[in-house]
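A.B. asks: Residue numbers (my numbering), protein chains in the order written: chain A, 1 to 139; chain B, 1 to 483; chain C, 1 to 491; chain D, 1 to 119.
Keep in mind the hints are simulated off the structure, nothing from the lab.
Keep in mind that a hint or two might mislead.
[Stated by the list, open to error] Here are the simulated EDC-like pairs of lysine to aspartate or glutamate, each with C-alpha atoms no more than 16 Å apart in a straight line:
1. Lys156/B <-> Asp443/C
2. Lys31/D <-> Asp117/D
3. Lys431/C <-> Glu364/C
4. Lys31/D <-> Glu108/D
5. Lys431/C <-> Glu152/B
6. Lys201/B <-> Glu103/B
7. Lys371/C <-> Asp265/B
8. Lys294/B <-> Asp356/B
9. Lys473/C <-> Glu60/B
10. Lys294/B <-> Glu425/B
11. Lys294/B <-> Glu354/B
12. Lys371/C <-> Asp443/C
[Stated by the list, open to error] Covered stretches of chain C (chain D as the covering partner; in silico rule of three or more C-beta atoms under 8 Å from a C-beta of chain D):
13. 57–67
14. 140–150
15. 164–176
16. 378–385
Keep in mind the model is a prediction, meaning the values are calculated, not measured.
The C-beta atom is built at its ideal place from N, Cα and C for all residues, glycine as well.
The residues making up each chain are set out below.
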Amino acid sequence: MDDRVILRVGAKVLIPFILLFALYVQFHGDYGPGGGFQAGVIFAAGFVLYALVYGLGNAKKVMPPAVVHVCSALGVMIFAGTGVVTMLLGGGFLDYNALAHDPHHGQHWGIFSVEAGVLVTVFGVMVSIFYAFAGRRSS
Amino acid sequence: MAAVAIALPALGAFVVLALGKWPNAREAATLTTGVALFALVVSMIHPVEDGTGQGWTLLEVLPGVTLGLEVEPLGLVFALVASLLWPVTSLYAIGYMRGHHEENQTRFYFFFAIAISAAMGVAFSANLFTLFAFYEILTLCTFPLVTHHGTEEARKAGRVYLGILLTTSVGFQLLAIIWTWQIAGTVDFRPGGILAGTASKGVLSALLVLFVFGVGKAAVMPFHRWLPAAMVAPTPVSALLHAVAVVKAGVFTILKVAVYVFGLDLLGTLSSTPWLAWAAAATIILGSLVAFTKDNLKARLAYSTISQLSYIVLGALLANEAGIIGGGMHIAMHAFGKITLFFGAGAVLVAAHETDISRMHGLGRTMPITFGAFFVGALSIIGVPPAGGAWSKWFLGLGTLEAGQLGLLATLMVSSLLSLVYLLEVPVRAFFGRPPEDAHHPEGIHEAPLPSLIAIVFTALATLTLFVHPGLLHDLMTMVVSR
Amino acid sequence: MRENLPVLQVVVPLLAAPLAFLVRRPRLSWLVALGAAFWAFFAALSLLTGVLASGAIGYEIGGWEPPWGIEYRIDELSAWVLVIVSGIAAVVLPFARASVEREIERDRIPLFYTALILCMTGLLGIAATGDVFNVFVFLEISSLSAYGLIAMGQNRRALTSSYQYLIMGSVGATFIVIGIGLMYSMTGTLNMADLAERLPAVAASRTIPVAFAFLAVGVSLKLALFPLHLWLPNAYTYAPSAVTAFIASTATKVAVYMLLRFFFTVFGAAFSFEVMHLDRILMPLALVAIVAMSLVAINQENGKRLLAYSSVAQIGYMVLGISLASVLGVAAGVLHLFNHALMKGSLFMAMGCVMYRVGSCRVEAMAGLGKTMPFTMAAFVVGGLSLIGVPLTVGFISKWYLVQAALEKGMWGIAAVVLLGSLLALAYVWKVVEVAYFRPPPDGPGVREAPLSLLIPTWVLVAANLWFGIDAKTTAGVALRAARMLLGAGS
Amino acid sequence: MRLLGYFNYWIVVALMMIGFYTMISRGNLVKKLVGLSVFQTSVMILYISLGKIFGGTAPILLEGEEHVVYTNPIPSVLILTAIVVGVATLAVGLALVVRIHEAYGTIEEDEIHVQDDVM
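Construct the complete structure from the given sequences, taking the supplied hints into account.
C.D. replies: See below:
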């Protein structure tokens, strides 16, 4: 592992950009192609790359499995919770117009929060699938 | 009131269950409930005679299909017989079950009471659906009684019992009921019938076939095998359920269907009626013939029952008033006669541990009361005075004449002669035969236990009384056909 | 709150599922799941009363009007299925606590409840939505969680069973997607009501019959219609007891719901039965299922497996009723949905009690249980009688309507097969009853009666079996209304 | 030529059959999953090709370009969901295979049957 300098250095350079790109895809989702799903996968890909290069142990230190699991559950709650909030505000389920006085802003906030939920869940699920399979010891 | 008559034995059953640890209290509960039930049913006679019998709708199961009760003369006859014989049989059972050291007695009395409750339900049901429901409950709650001993033989018999009764009832009877509902729009029992003019004669004929064979409890051949199979049960069960409550529920159903679903007028015009009457006649003769071949006393009595039940089926299918009256009266007459015979058979089993007729020589000398009663019962079944059976056979005979069916009359005669031989063989052997050499009867054979003896004498006397006072029965049955 | 009920019905359990996972403690996650199930049950009941009082309820998600947005649509049938699914969940969850603690490792219990609630969410979603693609999504949610649930069984064969179910279930779901896609390609809409309007115009094309065929096969796979039932017996046998009780009484029922929805609401009964002659396929298969699967059930040596085959046969009854395509027939099918859920629920829960104490569901192992576990076996007997169709139980009511529907069409043979099926049911139920009551219990430490936390839910369902068998006016009324609605005969 | 005009459907059908056949004919549990995956993917292609219009662009509103032809976005959106479902199914399936391997020591169907029958 230690002698693969190019790999390690390359990964070190790449991973921040991967994560950043994920965030770009996420936040640009309002205006162009993109959104939580793609962003989540890319974000997870960054971690998977980290785990592949630096070992599962280190990856789990950075992102403990418990946190990953919480993420995957939390995202669903953010998504569905948004719907519930719109309902509490007097609209229908996922009726973003109710989120702000101005329907335009409401839509914006609604989509943002739903996409955030998707990002968190997809990231959590992807990484936990990776952990689950990579963490198996062949018997 | 009818609902109380159903609830009372059911309630009694749970009291029995609760008192399971104290046998004397338990039996007292059974007897008290039995007497109370009989008093209750007797109190219904007057309203019915005055023509003020009532109907109750308990609840509506499906739109138009109700769980309803009704007190009418035919049902009352059945209820009277069953409720009178229940406490009597219980008395007998106390002697029998204790004398025979049977296990699971609490379960026995529990299901016994439930069976009576179901029989009351059958008697007082106001429509086919209610009747079917109680009919099935009766089948199911007698199953643990048939398999009471839990042996391999009992389980096999239980399978036959349940198999035949449920096959016929679910396969034919239920189909017939749903079909009736389909074409008549109702399943209520109504004087004059509900089917007249609703469908073609061909369809109604098929329906009648389904009803007659669907009521497996009436034991019309070839659906009779369950009755001999049920004989593995303790004798009180055979006596009350397989000579009175269960089998009479079957023929009662057929009478009821004939009178209140088809109506006598319609019944007489159907093409299948005479065929079915001949099927019943065949059962009468075949049942008697098979009874001949049986050496086991209970088996012989079972086949005799099969034969006698078809008298009632035949009465219903004669489709005239005398036939119905004779059939209805035979429910009671046969019940008292046959239960006496079974009591006798059970008494021999308890006291002398004998089941085979060929080994009963000479027992009459040690058990004179039992065999005396047996003789009286046999007379009633054969249908000769001074026993009650004479009356019902008289009316059945009248019915065949009225229907112009001399062949059927001949059948009745032949069967009576056959029963004369196969039934009287038993007391004749007992009184006049010489004990077999290898008979190692336990020392000091004496009469059956006292409670059993009381029951035997009671039913034998009742058989004789019914010859002198058949009035009530006849009146009730006349009401049935004239309603 | 009330106007949002159609969606809250699904969303609250959806929120409860991750919550059940996040709380991490077995007991707490059980409580969360229990709360979700009861919420769903009350919501479903209130929806049903609402629908019965004032007709179908529509709900636009996100305020987008159909057919652009996803619409939830609750009519008599969907409200009925919602009540069945959530009601069974509300009974199974109290049962599950003790049963699951016995059968599943402690650290997996939160996962178990998450999956169970997700499965319920998916099933509820299928019933609530009015959008065909949404049906697929919810179907996969319920199926995926069901695969997971089944795999948690103790026996290692649970794994292979789950795998088998996964393969066959995914194929079924993919067939459904193909059907949906083809319909979309011809009509450009996914909304059920909209599809129903637009399909007749293009029905003559070759694409629509193909879509029809794909949907028919896909749905039949999901509802385990003979001969596509191969996944079911193993899955039911090796799943944890609580899962079997839940899935057996709900999953196939919801598949039957899909059948009704696709072929009555979307394609329309006229197209399905007069043009495509769906009945010519469904009816013979249903009849074979009733007879053949009952016969197979008689030969089973494992109680759960026996009941599983019986389930395949009972599905035959539902499909048979539906294939008659008359108001009475469909009503019989819809009624049997409910009634069968009650009886199989109570039977499998009784098996769960046996599993809890005896640790095995083999018929042999049940010797003497009539004495040692009287209440459990009494529940089994009543459930079995209901399965046979003895009067005053729900099974009788189903049979009453089914036979009537067959007679109404003059189909004698079918009425006979239905009744023959009852007798075969008698044979396999009695097989267990005889062993339990007449065989002496084996020597060794005696078995005690199951704890109350298992018995009470079981008996609640048993009581429901009797209650709705004695007073079937409500259930039959709803079923008839749903059938009339499906056949467009007005209510 | 007309047949070739439907080339996208031919591809879909071919892929579907390949996947289906693999699923049925292979005894190896992983290969079965691969077959299932191919099978599901073929449906995705079917959906996408339904919505594709030659010369159409992504359905994004840009100022000044109001009369462009768009590819129908809905199939793509739907299939995005289907992909997620497919991934989830595959993940569950593989997880099961891993557990089966641990429990049986093999992932060949016939060998598993042999082991089950022995018990």
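A.B. asks: Hint by hint, which ones does this structure get wrong, listed from lowest number up?
C.D. replies: 1, 2, 6, 7, 13, 16
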